[in-house]
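So you can see what is in the structure, the chains are spelled out below.
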Amino acid sequence: MELLLASGIGVLTTAGVWLLLRARTFPVMLGLTLLSYAVNLFIFSMGRLAIGAAPVIRDGVERYADPLPQALVLTAIVIAFGMTALLLALSVRMGYDSGTDHVDGRGGGKP
Amino acid sequence: MIQVLGHLPVVPVVLPLVSAAVILALGDRRRPGACRAVSIGSCVSLVLAALYLLGWSATGEPAVYSVADWPAPYGIVIVLDRLAALMLLLTALIAVAAAWFAAHGWDARGRHFHALLQLQLMGLNGAFLTGDLFNLFVFFELLLIASYGMMLHGGGERRQRATLHYIVCNLVASALFLVSVSLLYGVTGTLNMADLALQVAAAPAEDAALIRSAGLVLLVVFAVKAAVLPLGFWLRDGYANASPPVACLFAMMTKVGIYSIVRACTLMFGEDAGVGTDLVGEWLVPLGIATLVMASIAALASRNLAELVACMVVTSVGSMLIGAGVFSAEGLSAALFYMVHSTFAVGLLFLLAGEIAHERGALGSDLLPGPMLKPWHLAPLFFFAAVAAAGLPPVSGFIAKVGILQGATGGSWVAGSWVAVLASSLLLVIALARAGSMLFWRPVEGGAAVPAGAGADVGATMMPRASTGPVWFLAAVLLLLTVGARPVQSFMDATATQLLQPAGYVDTVIRPERMGPPDILSPGADRLRTQAVPVRDARPVAGTGGT
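Chains as they are written, first to last, in this note's numbering: chain A, 1 to 111; chain B, 1 to 547.
Isolated chain A (complex conformation) (with noise of 0.2 angstroms):
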């Protein structure tokens, strides 16, 4: 499981990382898109990988799933998705606006 997660992980950024190097504004919002995917992953990996574990402290219970990167989780992928929706606006209007999809707005002109 601890393979699984950390190539998961290893494989999100990359492509992320590769995507967010093309100068077009989609394929970067894609990429920052799968590097908050990988960050997600690796912040619900600091609370320690459990199974069957209860989140809540009860009496007679030993083990525990921390509940905490769960909560930090939620706030990332909450504030990532408000980020995306902006990013995509502005992209789409930018696009309409300059007539390219390039980052630096190279080979554009208005149609």
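Please keep in mind that the hints were generated in silico from the structure rather than gathered at the bench. Check before you lean on any hint, since a few could be wrong.
Claimed, not checked - Chain B residues, not near chain A, derived (Cβ > 10 angstroms throughout):
#, residue
1, R31
2, L51
3, L54
4, R111
5, E141
6, R161
7, S182
8, L373
9, V387
10, F398
11, A485
12, D507
Claimed, not checked - Facing chain B, from chain A, some residues (calculated, C-beta under 7 angstroms):
#, residue
13, F42
14, I43
15, M46
16, A76
17, M83
18, L88
19, L90
20, M94
What the hints assert, rightly or not - Which chain A residues face chain B? A few, computed with CB under 8 angstroms, are given here:
#, residue
21, L34
22, L35
23, L72
24, L74
25, T75
26, I79
27, L87
28, D97
29, S98
Because the structure is a prediction, the values reported are computed rather than measured. Just so it is clear, CB atoms sit at the ideal spot from N, CA and C, and this is done for glycine as well.
With chain A held as given, fit chain B onto it using these hints.
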């Protein structure tokens, strides 16, 4: 009354939030006047609150406000120490100038200017006050989301492109921030900054690599916000293309990065931090030198006034790093003084650049001969602001730069620091003198002003009126800073001393015996003081189960 004052540390966060909601409810199309009044009123109230909090913090130990009354390591705390109070006052003052300037018509060029401004203030104030690392991330995101909207204010293709770069850079930085925060949590099991300081100091040697790399990733994130050399190329285009009141407020934004670097390096990775000791070592000063030199050269190469001023934001970051990077009381105090000074000076220059661009019409603030500038106050104020920003005597910038030079003498990069600071002052003087003589002394015969808004601000519906109030206000603050340099400097000295002794901060947060305003300001505060919270016996077990 005392009950109310006890809640004052949280006011700088709550008040802008409420104001933003009120402004949104009023609607800036239907009742622009009311929105402006609420926004400026909120900023002025923030100044008053910050002044009170500054007096409170000056009495000594940090004040701790537990949100929802959860004790320190579990709940989120708001910590008011000297540095936080200073940053609050600085933010509030620059916000007054920005909101006031915007109320002259700039805010009508897009929607929701004042609501975004208030939300950004909430993010800034929260970032300065919070004592929790993840909460710091949330406030960072808050102020960034608001700043994306503000940077886009007014629209236009160049502005959109600069904002896209700014957003992408900051989203990557946010991802790194999360990695670093969760790594620190995974190793130490806490997110409270005071508790982190204790846990990092007590961490076993085998955790050293993880803690140090997490700390360094954290500093990279803060360096992106502060626009330190290899990570700061997003700044110039973004700031130069933002509308003037937005740029004026953004003069505060890089200071959040500097604040966070100083806070992290003194509190969590200070001298007694065990495996985290001396995390950045002597890296900050050479980084500051490189930033300063690069930005000064860029300032010399600027083609318009707004770009030049944006480069000066980066030079101020470099100077502050040179002062703060030594981590001596003298250097830190000089860097803080310079931070206050440069925020006002650069904010004033941004507002003036906006007014000059408005007067010159389609030419904007491009450094080309143009029509004669009519308002008489522009030339003397520009001269004053330029002298202040370049650090020439007799204005406060000179005092601040002398302090930084003296502070750098205690470090190991003395020669480099001195040469960089002095050479950059010279380059800035040349750049500013060239810009000033081009703008004011090279009028073109009969060069009638093309209507403003034909250039960058396509689709502007309303011409901003000339706005002399805010620029005079900022100039007066700078003058006050010069005249009252001694008391300000002694406050900075006390702040630096407090920062270099993080034990006081940690003790106050982890055992909050002191609550409520100090006795001097309101007798009878004892009633509000809570009982000492019993020290917890065991740390919550961070996921004992394996796979």
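Going through the hints against the structure:
no.: 1; hint: R31; result: 26 angstroms, holds
no.: 2; hint: L51; result: 33 angstroms, holds
no.: 3; hint: L54; result: 31 angstroms, holds
no.: 4; hint: R111; result: 13 angstroms, holds
no.: 5; hint: E141; result: 5 angstroms, violated
no.: 6; hint: R161; result: 5 angstroms, violated
no.: 7; hint: S182; result: 4 angstroms, violated
no.: 8; hint: L373; result: 32 angstroms, holds
no.: 9; hint: V387; result: 37 angstroms, holds
no.: 10; hint: F398; result: 40 angstroms, holds
no.: 11; hint: A485; result: 41 angstroms, holds
no.: 12; hint: D507; result: 24 angstroms, holds
no.: 13; hint: F42; result: 6 angstroms, holds
no.: 14; hint: I43; result: 4 angstroms, holds
no.: 15; hint: M46; result: 3 angstroms, holds
no.: 16; hint: A76; result: 6 angstroms, holds
no.: 17; hint: M83; result: 6 angstroms, holds
no.: 18; hint: L88; result: 11 angstroms, violated
no.: 19; hint: L90; result: 6 angstroms, holds
no.: 20; hint: M94; result: 5 angstroms, holds
no.: 21; hint: L34; result: 10 angstroms, violated
no.: 22; hint: L35; result: 5 angstroms, holds
no.: 23; hint: L72; result: 6 angstroms, holds
no.: 24; hint: L74; result: 12 angstroms, violated
no.: 25; hint: T75; result: 7 angstroms, holds
no.: 26; hint: I79; result: 5 angstroms, holds
no.: 27; hint: L87; result: 6 angstroms, holds
no.: 28; hint: D97; result: 5 angstroms, holds
no.: 29; hint: S98; result: 5 angstroms, holds
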